[in-house]
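K.L.:
These are the residues of each chain, in order.
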Amino acid sequence: MRSKFKWIFSLLLALSMQFAFAQERTITGVVSDASGPIPGVNVLIKGIKTGVQTDFDGKYAIKAKTGDVLVFSFVGMTQSSKTVGASNSINVSMQNDAKVLAEVVVQGYRTVTKKKAVVSDATVSSKTIENRPNANAINTLQGQLAGVNITASTGQPGAKSTVVIRGVGTITGNSDPLYVIDGFPSNSDNFRSINPNDIESTSVLKDAAAIAEYGNRGSNGVIVIRTRRAKFGESKTTFRASSQYGVGELQKPKYSYANSKQLLKIEQNFGSGLGATLTDAQIAAYAINTDWVDYFFNQSNTTSHNIAVENSSQNISSYTSLGYFEQQGILATTGLKRFTLRNNINGKSANDRFKYQVNTSFGFSKNNEATTLGEGAINRNYVLGAFISAPYVSPSIYTGPQSALDYYNNTPGLLATPIMLVDKLQQYKNQTDEVRVDVATDFSYDITKDLVIRSRLNGQLLDTRFFQSEFPNSFNALLFQAAGQTFTGFEDINSRREWYFNNLWQINYGKTLGEHTFNVNANMEYNHSRLYTNNIRQRGLIEGIFVPNTGAGYAGDTGTNDFYVPQVSARNVRNDLISYFGSFDYDFKDKYGIVGSVRRDGSSRFIEDKQWGTFYSVGGRWNLDEEAFMDNVSFIDVLKLRGSYGTVGNQRVVTGDVFAGIQPPRFADIYSIANNTYNGGTGYAINFGFPELQWETTTQWNAGLDFEMFKGRLRGAADYYNRETSQLFLENPVTSTSGTATLTQNADVTVTNKGVELNLAYDIIRNQDKEISLTIKANGSRNTNLVSNIQGAGQIFSGAGLFVSENGGGINEPFVYKYLGVNPVSGNLLFEDAAGNPTENPVQADKRRAGVNNLPKYQGGFGFDFSIKGFYASTLFTFAYDVARFDYDLDNLYSVGNIGQFNVTDDLLNAWTSTNTNTDVPSLNAGNLGLGDESDRFLKDASYIRMRNVQVGYNVPQKFLKGTFMTAVSFSLQGENLLTFSKWKGFDVESSRTNDVYQYPTPRLYTFGVDVKF
Amino acid sequence: MKKIFGILIVSLTLFVSCSDELLEPFTPGSLTEEVAVTKSSDLVNLVNSSMNILTNRADYVFSSIFTDEAAPGSQNGGQGITTDYVFLMNVSNGSAAAIWQSQYFALARINRVITFADKVVATSPANQQLINRSKAEALVLRALAHIKILSYFSPNPKDGAALAGVLADRIILTTEKPQRTTNADFYALIHADLDAAIGIFNANTATAYSNKTYYPSKALAQALKARAYALKGDYPNAEIFANTVITTSGITLANTQAQYDAVFHTHNEPVNTEVIFRLRRTVQQNAQGTNLNNGWVSIANRRNGSPFYEVSRSLYNKLTAVSGDYRLNTTVFLNGTSSSLIDPNYTTSADVRNTDIIVLQKHGGQSAVTATNGFNPDFMVSRLSEMYFIRAEARAAAGDLVGVGTNLKAILDARFPTAQLAPVFANPQAAWKGILDERRKELSFEGFRFIDLKRIGTLAGASLERDASEYASSAWSFPAANPSNLPLSSFKFTLPIPQVEVNGNADIQQNDGY
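Order-wise, the sequence lines are chains A and B.
In this text, residue positions in the first sequence follow full-length UniProt numbering: the first is 1, and each later residue adds one.
In this text, residue positions in the second sequence follow full-length UniProt numbering: the first is 1, and each later residue adds one.
If you're looking for bench data, these hints aren't it; they were derived computationally from the structure.
Beta carbons are placed, not taken as given, at the ideal position from N, Cα and C, and that holds for glycine.
Worth double-checking, as some hints may not be accurate.
To be verified - Reference excerpt, derived from the structure (chain B facing chain A, CB under 10 Å, subset only):
#1 S30
#2 R112
#3 T370
#4 T372
Using the sequences provided together with the hints, build the complete structure.
P.N.:
Encoded structure:
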């Protein structure tokens, strides 16, 4: 909430200055925003440094003359200007947020004003995060931050999203950014137990000077999250309550599925499956036509309730919130329930010298997740069942596990797939309970006015308990029952505890000497991450007694066999980081500024002298608008040129979570004992290592321009960057004769990401009198991903040769034959050979890289905010362009092997035959169908424009609230993913995967919300 | 203020002094080489891992599907029917990669045994015997892996000058880019290793294993010498070693249905029966991804066990040609719950896929179960019957057609309840064909067929024998799977050096046609 103290003093001071200008008259008015009058707004006349502030009722009075421009500013709101005309009254309606340049900018561990920042900044405030129906706050940021590519790769509520900042700088290393919550670089990228409504702002740090202070983990960019806090001031308590209700539904694909009759006809043509045994008349009379997509995907509900209390006083303030969120997944059995509690306390000593802050949050969530997504496990993956089950199978066949087994035994092929999955719906259960406790503290003491010492102590505990049970005598249990086995089914209970701890010591000295301001600090930081896991699997559950997740009904081991021997495993992994760093900051006349930093980082992932790396950065700015020569350029309000150069390190050797790649270590050939290796004896598993393993270094330079023009109507920033990763972590393919196919190592390969980012906002309508405003905003980036310096053949393959990183190309581009179509003579697939001629039998030399990969070259978002009186509407579109992924769901629909047991596309009715030669569907028995998967036949353009979010709402005017306990009431209606324009035919174009098959699509959501303040 | 600085400096010092300790990598259980290999049991661990890696079904499955042993099963969900079954062979072929990698991954461990065996210091004379035995076992396994590489990747195993694979006679470093060497080099290493192993076994006094077929032995070394000489076409030497095994190993052919079943289905055949070496699997190792039987069925060797490959019609017809053949019942699940469906009118069946289901049960029989801690079959590597075949081949090579018949009869007599007539051949080609056909029945699904066709198919004037119902019927319409598409002259009988190798070793010599 806003600062409401000190306004009296300011007002007095301002009034005492007014008498200098005799011919001026007094202009009065009220400054308000959607929720009512705003106290404490700075009102000044442009060009004159003095001004007034609004009082408690939002009223102000200022001496001005006709033609003067009054500038109204308030933290967190758009600066607004009014020219004094004939009227003595000027009322102003201020807009939240959209403002770009008076904000604070996160620059490493500190925040500075936007004006003094040397770094590019992208921040999203609470306004755009709160009340969006996404379980994961990061998903909400999509399309709002230039150069930040966020993809929700699954519709699973609470699942983490994939975030790529300024391109992927590594071929096989980790490209996750660092998440910093309230100053705590926590490593954790799991947000399912965090309440998005507690977030005040989210900033993304991209360039070298910004991430320098997070240098040991920030090479992929840093996401800084600040949670809400109350301000100091007069004693006051405010409440806010909000509730939301929503429904979600599947985004349907553009595939052309065969219906029952078509499928039976295709089977008849092909001579396989039920259709092959039916006559045309029987097919025409076939009545069952099950929509398995509808069966496994349902409309889902979302409910969310939040209540927040802010308590302010002179020396202590607190923000407390309670939240409950419940979202069903659109896929059967999935969902998330979350309870959160946050208490952020700020305090200070009476003399203002000692300040402290303790942010505590507690989250508890229950998550039901889909299993085996993306896999062809026909008896496990519901999505597979939804996508390819034969429509002529009726779910009514299922009357219990035995019926599923009987049906499986008595139907050809794998036709029983959906029935197996119907059984799993009833006979399988899983859940992850997560307790998350975050404590972030900050203590500082001003030894003198200029010298401050600070300590930050942060801890985070993530405790999860996962269980999954396959019930006794379920279909799967019966299917895999061994002879002599009485008790079937199994249950896993996996406990996992992650503990993150961070301790920072800082001493900071800042001084202003005339027009020179400098600031220098020295820091030490220790960061500790620890993972414990304990997993058990009980095999053999006693039907009738067994209750999931309780231990009831566990069968014991017997002497006759080993069927009921439980399996146990445990793990203890640790990662430690130590850093020493310092930074220097200098400003001259608010016009020029430089910052520099240098740091030394140690990591327990490496050994001996390779543990330590040194990184540095420099940055500078030039506030052009402060220069005299700019005084004549009246349409420019703000213009700042900035640049930075620096290096940062990365110690996350492999992709995966923060504990991946630590055990076994990758810096030596490691022998570890493996049980039951041969004839009951132990063996040695060997993991081959790279003794020279060390920090991966990313060198980045960045040049940018911040501007504000036409009286602040046009605001924006443009950036050019060049990131170059060297000593690159690579799963380097090596000769298999060495005993391994790949070796994790630092490679002499360079990956460069360079590009431009643009962020613009323009107020088309800004009519405060009529309370109408319309702002359009857009951001976008173009990133070129380039691999160079690969020695030898200049290529690094991955994925069994399906992807290549090649000098001059991007990372992991598909390496494929070019598919030309169907040979009208034979019905076989035609490919282009190296000489450009069609061939049915291409060889390896005919393959080439596709020139495109799964990472878009262009991406961003755009939209508008419109408001009139109390009504408002806004949209956000996101887009990605120049990106391609394999659509294996489509591939499946053309798979001849699926005929007779799974559904296929009705296109197969048009397959090549000797009498149907003019077609683009190959013969069903083409001999080279298998080469299709090594070609670009199913490599599809995944560019898209998506209407990510649209909201309309109404803020109830103050006059209706008078006399009630409420100070603000608003209603909103919003939709997520309502429209998508794309050539992609699949369920969900939005994913960062290289291919899509049987994945959980993100839903379309409609939400109604109520927000009350009192 | 001074005090504050004092505290800061003190804390800084504390911080620095403990930093080295804090940054010590925490890697419990991860041993470096110097620590890991210091005693005889460490060598055993490496031998065990080598054998574990060699226990790979890729060549068993590939050799059956790419040829004419297996045919798509009623519950095929796409497995292999656009690749191996239709002879699609290129550098991306998964089977070629698995065969290559499993041999070389094992060789990397084997070579560590051989290298470290000379460095590990024995704690006692008896302990030295254990060290020696591990080394001998490793030498035999090294020969076995090299024979396999040569068989699959050499364009002509009989030509000493042709390329084989990379000679793994030492620890190869990850930084190397080794080239292929000739068959002659391979054969030289194979025989040197086997001779050295035989020498060690002859002098070794370590306590014998309770089941000697689980570990490399002198008999295996001799049998592999016979196999290697036969592969080279050096039949005089092949015959010598085949004879040695037959006459000195003490092993005899299984000669009842029960014994023959026991060899494959339950592995509890009488001592010294049939088996020279098998790669042992225990119930604890049961895993769908690695069980041998799961190479052809998802769940069990039953019609409702989700067979995605079954016994080909042509092989079935061969097994039923003479009634009473034990190999029919061992190989095909004919009697019992959810057993095979045999359609006598399969040639005219409208839906042969579902009317004629010939379920494979050679590996593990009905005992094999895809379940944790369930029985799963051993991988047969070397059996005595192969020695008789090698003798028969040697006779054929020498033009002694009667000798061929005598040796085949020795096998037939053991495979039927009654003594069989010795086959009679009109000419050498017929004799080779007789050997090839008999090998097909005897050694089916044991990873021989592909190499046999490559080795002696041309001598026998043979070709792939797939039944038209399995590639040219309405239910199974795969024109590309017509055996005419894979003549024995095809370059595909030499597998490509897989892309996974080329990825890390770009200049390795590729075979013709790829």
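K.L.:
Does each hint fit the structure? Answer for all of them.
P.N.:
Results of checking the hints against the structure:
Satisfaction of the interface hint for S30 (chain B) is found here, the shortest Cβ-Cβ separation to chain A being roughly 5 Å, below the 10 Å cut-off. With 10 Å as the threshold, the beta carbon of R112 (chain B) comes within range of chain A, its nearest partner Cβ sitting at about 8 Å, so the hint holds. Residue-level restraint check for T370 (chain B) holds (minimum Cβ-Cβ distance to chain A is 6 Å; threshold 10 Å). With a least beta-carbon distance of about 6 Å to chain A, the hint placing T372 (chain B) at the interface is held under the 10 Å criterion.
Comparing the model with each numbered hint stated earlier shows that all of them hold.
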